[in-house]
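Novice: Sequence:
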Amino acid sequence: MQPSNAFQLSFLHPKYWGIWLGYGFLKLLSFIPYHAKFWVGKKLGRLLLTIAKSRRELARKNIQLCFPEKTALEVQDILKEHFESLGINLLESSTNMWGKHRYNANQNESEHFIFKGLENLQKQPGLGKILVIPHFTTIEMTGLMVSFITPYRPIYRPHDNPLMEYLITTSRTVVNIPNQPNRSVIPVSNKDTRAMVKHLKAGGTLFILPDQKYGGQGSISVPFFGYNVPSNPGVNKLAKMGQAAVFPVFTRRIKNKYELTIHPALENFPSGDDYADTLRLHKLYEAEIRENPAQYLWVHDRWDIKNHNPALPESLYH
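All residue numbers for the sequence shown refer to the numbering used here, where the first residue is 544 and numbers rise by one.
Check before you lean on any hint, since a few could be wrong.
What the hints assert, rightly or not - In silico BS3-like cross-links for lysine-lysine, where the CA-CA straight-line distance does not exceed 30 Å:
no., residue 1, residue 2
1, K659, K585
2, K800, K783
3, K780, K756
4, K613, K798
5, K826, K798
6, K800, K623
7, K613, K586
8, K798, K580
9, K780, K659
10, K580, K570
11, K596, K580
12, K623, K613
13, K586, K623
14, K756, K643
15, K558, K596
16, K744, K798
17, K783, K744
18, K849, K613
19, K666, K780
20, K756, K744
21, K604, K623
22, K613, K596
23, K659, K826
24, K623, K580
25, K756, K604
26, K570, K623
27, K585, K613
28, K800, K741
Hints in this document: simulated from the structure, not taken from any laboratory.
Start from the sequences, fold in the hints, and give me the full structure.
Specialist: Here it is as structure tokens:
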């Protein structure tokens, strides 16, 4: 199942005008000069912190749950920085969709990129590769940075709204960029396992974000920061079926630059034990989150806090 990039006249119907308004807002953000985007993003994030009460409280509880040793003031500091990071992420989305990299091969955002561990990918020539990227607020820039390293196919969940599906797939597709023949990003539906496996067996690269709550078929319960959560063992299965190497990838936003680190391919992965393999990935995520807590996506209800998860400390709800 390939994503559809065909524009439809029905997308101009008034029921879609709200989506087009948001899309237009992102387009306007793309005109902001690169260095100003961080200042503007922080201001937007502080506004979100003020008006998005339910998301703010969910993020606060997530941080408290994962960092019980931190004081209320320390949690508040992480929370504030996190929402600033969310605001910057909006600007990064506009950069990914309309940045200079789309038309200028020599002077573009890549001058602000720092790559570490590229030699790890080069140690596996001809082998399919799975890049495992947890949901940090730098995810837009991670996708952009990886496009400068290797052609890849990002796995995505098709959207129920046809206009959103069109906008997501077209904005994530990178092909036929002037003077950049090696840059190719073509999304693949998370329902199209056959295409994923075929791509891996041909020596291609997949980009997957498997760390969020997963209640679909094959879901397993695995600890994350010490609490069991419904998790997706899909990485393990894809690696086995596609005979692929698995690389954890993390990106940090450092002032006005981005540092992407590709860790060595996981040894003995998959092991045949989905629980152990998924727990192993969770431990890797946890280690990076502890080093860079404000940039993880805390506004996602990973631990089912909204439904008053009885397995969590009762003090969290008071």
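Novice: Look at each hint and say if it fits the structure.
Specialist: Hints, one by one, checked against the model:
no.: 1; hint: K659 / K585; verdict: holds, 27 Å
no.: 2; hint: K800 / K783; verdict: violated, 36 Å
no.: 3; hint: K780 / K756; verdict: holds, 18 Å
no.: 4; hint: K613 / K798; verdict: holds, 24 Å
no.: 5; hint: K826 / K798; verdict: holds, 27 Å
no.: 6; hint: K800 / K623; verdict: holds, 20 Å
no.: 7; hint: K613 / K586; verdict: holds, 26 Å
no.: 8; hint: K798 / K580; verdict: holds, 11 Å
no.: 9; hint: K780 / K659; verdict: holds, 27 Å
no.: 10; hint: K580 / K570; verdict: holds, 13 Å
no.: 11; hint: K596 / K580; verdict: holds, 24 Å
no.: 12; hint: K623 / K613; verdict: holds, 15 Å
no.: 13; hint: K586 / K623; verdict: holds, 11 Å
no.: 14; hint: K756 / K643; verdict: violated, 34 Å
no.: 15; hint: K558 / K596; verdict: holds, 27 Å
no.: 16; hint: K744 / K798; verdict: violated, 39 Å
no.: 17; hint: K783 / K744; verdict: holds, 11 Å
no.: 18; hint: K849 / K613; verdict: holds, 22 Å
no.: 19; hint: K666 / K780; verdict: holds, 22 Å
no.: 20; hint: K756 / K744; verdict: holds, 28 Å
no.: 21; hint: K604 / K623; verdict: holds, 13 Å
no.: 22; hint: K613 / K596; verdict: holds, 22 Å
no.: 23; hint: K659 / K826; verdict: holds, 21 Å
no.: 24; hint: K623 / K580; verdict: holds, 18 Å
no.: 25; hint: K756 / K604; verdict: holds, 16 Å
no.: 26; hint: K570 / K623; verdict: holds, 26 Å
no.: 27; hint: K585 / K613; verdict: holds, 23 Å
no.: 28; hint: K800 / K741; verdict: violated, 35 Å
Figure legend: structure checked against the earlier numbered hints; hints not met, in rising order: 2, 14, 16 and 28.
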